[in-house]
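4 protein chains.
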Amino acid sequence: MPKRLALLCCLLPGVAFAQTTGQWVMTTDLWGNPAYRTLTLVEDGDTLTGDIDGDKLAGRRTGSTITFQDVDANNATYSFTGVIEGGRIEGIAEFPDTNNPALRAQHAFTARRIPDRPAGPPRRHEFAPTDYSNTFDPHRLPVLTVWPGDTIHTTTLDSGGADENGHTQALFGNPQTGPFFIATASPGDTLVVRIKRLRLNRGYADSLDDIVDHALGASLVAGANDLGKPVRWKLDRVRGLASLETPTERLKGLSIPVRPMLGGLAVAPGFGAAPVSTGDSGRFGGNMDFNEVVEGNTVYLPVQQPGALLYLGDAHALQGDGETTQYALETSMDVELTVDVIKGKAIRMPRVESATELMVLGQAGSLDEALRSATTGLVQWLQQDYGYTLSECAILLGSSVRYGVPNLAGRNVGVAARLDKALLRK
Amino acid sequence: MPKRLALLCCLLPGVAFAQTTGQWVMTTDLWGNPAYRTLTLVEDGDTLTGDIDGDKLAGRRTGSTITFQDVDANNATYSFTGVIEGGRIEGIAEFPDTNNPALRAQHAFTARRIPDRPAGPPRRHEFAPTDYSNTFDPHRLPVLTVWPGDTIHTTTLDSGGADENGHTQALFGNPQTGPFFIATASPGDTLVVRIKRLRLNRGYADSLDDIVDHALGASLVAGANDLGKPVRWKLDRVRGLASLETPTERLKGLSIPVRPMLGGLAVAPGFGAAPVSTGDSGRFGGNMDFNEVVEGNTVYLPVQQPGALLYLGDAHALQGDGETTQYALETSMDVELTVDVIKGKAIRMPRVESATELMVLGQAGSLDEALRSATTGLVQWLQQDYGYTLSECAILLGSSVRYGVPNLAGRNVGVAARLDKALLRK
Amino acid sequence: MPKRLALLCCLLPGVAFAQTTGQWVMTTDLWGNPAYRTLTLVEDGDTLTGDIDGDKLAGRRTGSTITFQDVDANNATYSFTGVIEGGRIEGIAEFPDTNNPALRAQHAFTARRIPDRPAGPPRRHEFAPTDYSNTFDPHRLPVLTVWPGDTIHTTTLDSGGADENGHTQALFGNPQTGPFFIATASPGDTLVVRIKRLRLNRGYADSLDDIVDHALGASLVAGANDLGKPVRWKLDRVRGLASLETPTERLKGLSIPVRPMLGGLAVAPGFGAAPVSTGDSGRFGGNMDFNEVVEGNTVYLPVQQPGALLYLGDAHALQGDGETTQYALETSMDVELTVDVIKGKAIRMPRVESATELMVLGQAGSLDEALRSATTGLVQWLQQDYGYTLSECAILLGSSVRYGVPNLAGRNVGVAARLDKALLRK
Amino acid sequence: MPKRLALLCCLLPGVAFAQTTGQWVMTTDLWGNPAYRTLTLVEDGDTLTGDIDGDKLAGRRTGSTITFQDVDANNATYSFTGVIEGGRIEGIAEFPDTNNPALRAQHAFTARRIPDRPAGPPRRHEFAPTDYSNTFDPHRLPVLTVWPGDTIHTTTLDSGGADENGHTQALFGNPQTGPFFIATASPGDTLVVRIKRLRLNRGYADSLDDIVDHALGASLVAGANDLGKPVRWKLDRVRGLASLETPTERLKGLSIPVRPMLGGLAVAPGFGAAPVSTGDSGRFGGNMDFNEVVEGNTVYLPVQQPGALLYLGDAHALQGDGETTQYALETSMDVELTVDVIKGKAIRMPRVESATELMVLGQAGSLDEALRSATTGLVQWLQQDYGYTLSECAILLGSSVRYGVPNLAGRNVGVAARLDKALLRK
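Residue numbers (my numbering), protein chains in the order written: chain A, 3 to 428; chain B, 3 to 428; chain C, 3 to 428; chain D, 3 to 428.
Simulated from the structure, these hints should not be mistaken for laboratory data. Remember, predicted model here, so these are calculated numbers, not experimental data.
Copies of the same chain are indistinguishable here, so a pair counts whether it falls within one copy or spans any two.
Cross-link-like lysine-lysine pairs, in silico, DSS-like; alpha carbons within 27 Å at most:
1. Lys198 / Lys347
2. Lys345 / Lys423
3. Lys345 / Lys58
4. Lys198 / Lys423
5. Lys428 / Lys231
6. Lys423 / Lys347
7. Lys58 / Lys347
8. Lys254 / Lys428
Model the full structure from these sequences, guided by the hints.
Laid out in structure tokens, this is it:
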């Protein structure tokens, strides 16, 4: 028994009998960096089987001590020895040294047991958030564990941290509600988020009169020096209209139908990623600012961590393409989502599906790369779900693809590739 | 009298009396490069007044010999001495030396008289082209002179040079019908092209199963090696539907409503520009491949040369955004256009107006620059025609702008910035 | 006294008398996000003066309880009440509500006292790291506090986490040594890092035979499928040469002079930023992979946090422009740096100065933006330090600027704008 | 005999006997577009053999009438019937209809005989230009025919059209000397241009104090409004130094060694291309503005037309990277070039070789694409001339490639990929 574990056992002398069989989230401490994996244990007598992120494990249990090991695709062996107590395992893992496979390195690990799925039909969870995250963080403790099919009813703050009463509840910069742990979701799966309801819950939104650098030609730059001033919009929740609180003479009649959307929707980024600013985005979603993330549409995100860890926030009452004002019509929101997991289906990047369209969001440091990414993602969707060849995809795109540019305001810009579902085989 | 002109007079001894008053297109030979300007002459006794591209001139006429000079904004003097005969002037100009304003340089010039506007209402011209241009060329002789308000009914070849019978009538690469000389149009004006009718005139279109480099992510490139094969589409002109001539099993049911458009629409590029390939584009329009250049819409182009010199061609029965197949559904077309000129109104780049939207096409070597250009052009439109301030434009864009990406297949890529006209003050 | 503070006082009844006058790093907890500021306190009797990040404060001390407040440029008042004990203050701050200036919000704060500068000349610190950071993290505790003029002698791991013996000491992905707290450095200052010594400390480096996406044209992509294989280089430390451990026939004679460089050099990112992956970069420096960060050169970084928090790592024995192999010749390194602080001088982005050249590194999501950034940074340098006008800068650049492209392998690409110092006035 | 040819024969009744065997440049009129091909005829009795651009031909001669035909790689037959008189053939060709291979289309053709290579060693040609081209034009008549190994000594105007006396001899915009017809050069070959001598021939150069859009960050744009003013430099030809004619106080001591270069060097663009503005560039070279096109270096260009048609102009006394002032130090120049042809060797894009380096110039609408192109071109060079595999190229680049950015001032921007020749196998 490794020395550090022996010490551990001394500290936990009287551990009670605990249930081993089930799903666990295992956290290994790699030189200060927590790495999360899904551990499935099946106890039969004193024999343990199961898997770690899909790699089969074999082990045994002796009292409260369990040992098991798995072998990965490169034939490397990972050994674990731990003490189980209640819904928690604590122990020492032995891994091959990354740079010297001949050597072995010890790492502390813990695991927490995911409760079994409650019996009965999918549930509806009322969740009133009390704190918020300013990062899309793989390390933040889940605020709620839900199962595929469950519905979450909650609220989001505006991007400045204000709630439905205009009171600040969190630090500005797109504070997020969550994360929600979606039981059964593992890296390589797809998280399905159906937006059942997305409604205004206060009477105003805040914006600017800005034009972001990514949209502004050189000939306008000199005149743009005094842009960036705050602009408050009134939101008429009954009629669903936005108008300026203090319009100039020329904008007095301006009244625009709102189209509430979630600017931020994310799973936690994967192993090796630092927590990501809620102003940033990536293939995990994030601050996509995609104005098709609206009520009635479904968002697909590639799961990167056990439980997916779903975050949401930064809702907009209305947003033009590109979010060219840097802030759209920022407001708090009433949100209802139903989640699902497609096991074993990996997607490259965020997808949005409406009643009539497939939409893929490519995100990159330039529009040229973002558009390439979006096209590639749409082709993948057509191949993966509809069985088209690349040649057939080319024909469909050439005649019918539509490109939009939802986001110009972030470090990533976003291009959406869209296709009418009516063209596609069933 | 300059020596070269004395010689000229000897060669033209018996010139008849000719009408001087009127509009002329003057061509000056600058070291082998023809430069075109609009010359307006008003004869009163033997005194000449008028202007050259807006700079006032003063001169006199003695028999068939006329002399006049103008002074430009930099106070440089340009002198002209010529012989007038019928609708033509031929002579010698004296300009300041470009690099040595103290010196004077002689250049031959000619002018051709533009006929007076016919009396009566605007006319409808039936024009059956007999040859085609493979460049947007400022030097090509006009095929027809028309007046603001006139309508032109003509045809275009497909991009491969084939006509409505599938017979080759011109070299492939977007051969164009035209140029049409629009009387009164001068650099600094805006040409208005109303697309009254754009109809299929044959039963097929040719395309490819390609994905252009600008749309293709690295992960698809390897598999794209055998793309680029010809694809023929059947066009059902009665029902307005396109379907594949020899579909794969999976594309058998594919039938898409056509949306005929002009890929090429241009005025001639301005002074100093070489003739531009009909595969290329610029602020003069050109091979824009913008799928909103459709029947019912109006295109605005910035005039660069006297008479604008309107070219059209490269019609598509249907085109997705980006023309990602490199060739859209290329076909010949029946076209009817009404032209107009807005004097003294300069626009930055091509604009398209539909019943419901303003659309500006930005074109550049990258999407990032093209989008900046499109936004800048849309702001200019809002300022110029609607009187909004930059701050008001920013607010309108932030809430409501839509971006599309019509063109990825050329050297320029194109981004369209679009705005709903319902939002705008009257 | 706020309720939370009253509780605090109960918990700390017998605090000893403590030194107030001096510099402190104050941490305010903004809804779970620590914000750091430099607090300068001067005690005179029971009166406190000083400043918080430059904003003057006024307060008083009563026993171990201190209260003070400052007013910022927008006339907002920030009040602090705390208990001082040893080198630590703990208390409650009251700030205006971000979204409702009429309201006040309470935030816990702490402060830790920075020791006074030791008497005598600048010191040389031997620092043997025991753990490493996988983020450029504003929240990580400093490993050492040093003063301007001090020298740090330490080591860095290779990008895979291996030390001079090839043993893994940290998680792969550019683990960093540090952070070092540079006393007196505050946001708005410039940190000066003179690289006194940068030497190989082992006999090999690891690389790949890859070509990164950002360097690879479409025509090479198909053939690039089996690139990305590990390549080990032998490092001859005596002669300073790198050669392949198992060369192909054609590369047998290849022997290249090493040019050791630090791929990673950073101050902590500023308030509001999440910890940044050590694979990423920004105006704070980071994983710049700039092959001019070599022995003898000086790097200037814009300080973003109290104490700057200097990180270093990811050394390369040799790197071509662009780090096109994704991994350069990655190796551990022996490093000696002298640090300095230029108070009140803000720079836009990282600068590097050699004996002969000024070099500014622009970093962005595309080369086009990175180059614009680099030019802008070089112009700022010429204006700020040499007093040239923009017109004079234009003339110097037009005749003499050199651009390089150090980095193509990260999310940011990097362009360097370089100018020969011999051209510049003294 | 086709009808049009019969007419032709009537017009040319008494044609003298003429030499058939030899090389000809054949021009076919494709609906108004001249297409050039290299025709090699070998007469043996009345039988003709030879080839057209490498496709074998067979034919016969009857008096002054010759007929021949070739079959291309797609098995299409091209037939020619013409009348030969002196060094000229005139006739009618029959080609398959482009869009209907079953049909045949008639096209007029002419051919002009290229004189035989003079006996003796390569020659040195003194060429004093009398007119200049403002396009890189495939249709302009050659000013001189030279053979591989020959040397041309000539002059170029400055970009504004002024000669060594400052007198304007051509229209501004980079007027070019040429084109020179390089006998034996055909599409698919490589033209080698050795710059033997490149010397100042007057005492001044003209520039601006500008910063081009592609180099200018948004924060500088507002201040850049009054840039763009003329700046004259004095050129000290004895000491090889440039200094400002009327320096500001701060630039009084500025004196920079000149480094004369050719901004423009081109072969004519290939079939289907319009004449290209001398401000533009492409894989044929053109206005590359590459500051390594200097005395002592060798430029390789991919031949696109029979005889290559070499143009040169737009010399700079000195130019920083990027030509950020829009005009470099523009001046007239004394030039001596030796030309050579590498038969059957096709290169992708312009290459420059110095005594120590390989340099490839990638040109595109964005720096990101230009850099990809440059890398691809350098890899092709290493593969083609040195026999390295892609993996070996990756290793060489990763350790040693250098990127520069010669050109930011044109529609294409240019990136140079450079590699030290000392690293390469012999």
